[in-house]
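Protein chains in written order, with our numbering: chain A, 1 to 185; chain B, 1 to 225.
Derived Cβ-Cβ restraints for the label pairs, each shown as a range:
{"no.": "1", "chain 1": "B", "residue 1": "Leu204", "chain 2": "A", "residue 2": "Ala133", "range": "36 to 46 angstroms"}
{"no.": "2", "chain 1": "A", "residue 1": "Arg72", "chain 2": "B", "residue 2": "Thr107", "range": "34 to 44 angstroms"}
{"no.": "3", "chain 1": "B", "residue 1": "Leu62", "chain 2": "A", "residue 2": "Leu182", "range": "56 to 66 angstroms"}
Stretch-level coverage of chain B by chain A, calculated; a stretch enters the list once three of its residues show a Cβ under 8 angstroms from a Cβ in chain A:
{"no.": "4", "stretch": "18-26"}
{"no.": "5", "stretch": "77-85"}
{"no.": "6", "stretch": "138-152"}
Calculated directly from the structure, the hints in this document are not laboratory data.
Ideal placement from N, C-alpha and C gives every residue a C-beta, glycine not left out.
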Amino acid sequence: MRPNDSRLADLMRAAQTGDRISYEELLGAIAPLVRRVIRRQQPFLSAEAVEDVVQDVLMSVHVVRASYDPGRPFTPWLLAITRNRLVDHARRSARVAAHEMVVDDLDVTFSSDAANPSMEADHDPEELRHAMASLPAGQRQAIELLKLQGLSLKEAAVASGTSVGALKVASHRGMTALKRLLNKT
Amino acid sequence: MTRNTTQFIRELAQAATPVRRLPAPWLRASLWCSLALPYLALVWLLWPKAHASIPATGSFALEQVAALATAVIAAIAAFATVIPGSSKKIALAPVVPLAVWIATVATRCAHEWSGVGHLPPLLVHCACLPATLVAGGLPAIVIVAMLRRGAPLMPHLTTALAALATAGIANFGIRFVHAFDSGAVVLVWHLLAVFGIALVLTALGDRIVSWRHTLAASTASTVGR
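I would like the entire structure built from these sequences, with the hints used as guidance.
This is the structure in structure tokens:
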């Protein structure tokens with residue numbers, strides 16, 4: 001059943017005050033709505049890609065929830081974000097498809113120092129271990145899966161039980177924090 | 001719903017903290033003006049002036065009112081574009097004051113040309129451009145920072161409106177400094193040059209206001225914190 005707009009507005013009003021239970025109920029109620037819109041607009045998307053966009057939309061709703069005015073209807077606010085993220089996703093997919101090419105695994109690399117400007121060249125491994133240990137658990141896990149174990153985003157998402165979008169955010173934040181920590185020492 | 005999205009929702013809900021609701025666009029525009037105008041007053045006080053007075057003419061007053069109205073209305077429109085669900089038509093709102101502003105300057109320029117028969121030397125007045133850029137610097141930074149708190153749904157349009165607002169308010173301020181500049185000088189160094197820069201900024205809109213910035217600026221994190 002389609003959730004009532006005024007009910008969603010009430011939930012968002014509560015969520016803006018920090019009510020986590022209402023917020024979880026709101027996100028749970030809008031996820032199927034968003035999924036339906038995505039499937040209708042882009043029926044050719046795989047189930048996995050649909051979930052990626054749904055999570056992108058939920059993330060966007062999360063970061064701009066301050067922009068919702070409870071005096072106005074909730075659904076147009078949500079649909080504007082959904083349509084925007086859907087267009088962004090389509091644009092991103094087209095860009096990736098245009099630039100991506102499948103290559104065989106290359107097992108040869110250049111061994112000279114200049115071709116390997118890694119952090120290890122400048123920093124003590126112990127220092128790096130300390131810096132890693134000081135990261136929040138989510139960021140550490142994202143870096144371990146993506147950078148150390150070399151998993152793809154999708155594999156890492158399955159392994160960690162989180163979304164591709166969330167992993168990207170955590171990994172980016174983790175790398176930024178690591179750089180900051182290592183440059184401090 | 002797949003397990004991942006369910007988990008994701010739980011993580012988002014756990015990360016939910018109280019947020020300060022964005023005020024209405026007109027209130028945000030007022031706040032922006034209340035920061036920009038004292039800064040412009042400071043620029044007016046500190047910038048070397050050729051004349052201490054300002055022209056007491058209707059044309060000068062109309063030009064200033066139109067520039068300020070363009071700035072305020074463009075700022076309201078820019079702030080409205082970062083509210084999901086707002087009508088895109090709001091982007092047309094600054095067209096009328098902008099047309100009046102440009103028409104006032106163009107008319108003065110035409111009168112001066114028809115009177116003297118030639119344009120004044122323009123290159124010697126190129127110092128107007130840095131003055132206008134200094135006047136617009138802080139208002140531009142402030143409006144971009146404020147816009148990044150909204151949803152970057154139409155980055156190019158949002159940046160265009162913000163650039164127009166900044167151009168309007170910077171010109172409003174700097175015309176008190178260069179109060180007796182000829183119409184041609186104002187047209188070339190105050191309007192065309194600034195609008196040229198605004199066009200460049202508009203083209204870079206998705207780098208100035210984007211989901212990437214909004215996500216990065218979000219203090220309410222989801223996972224990984």
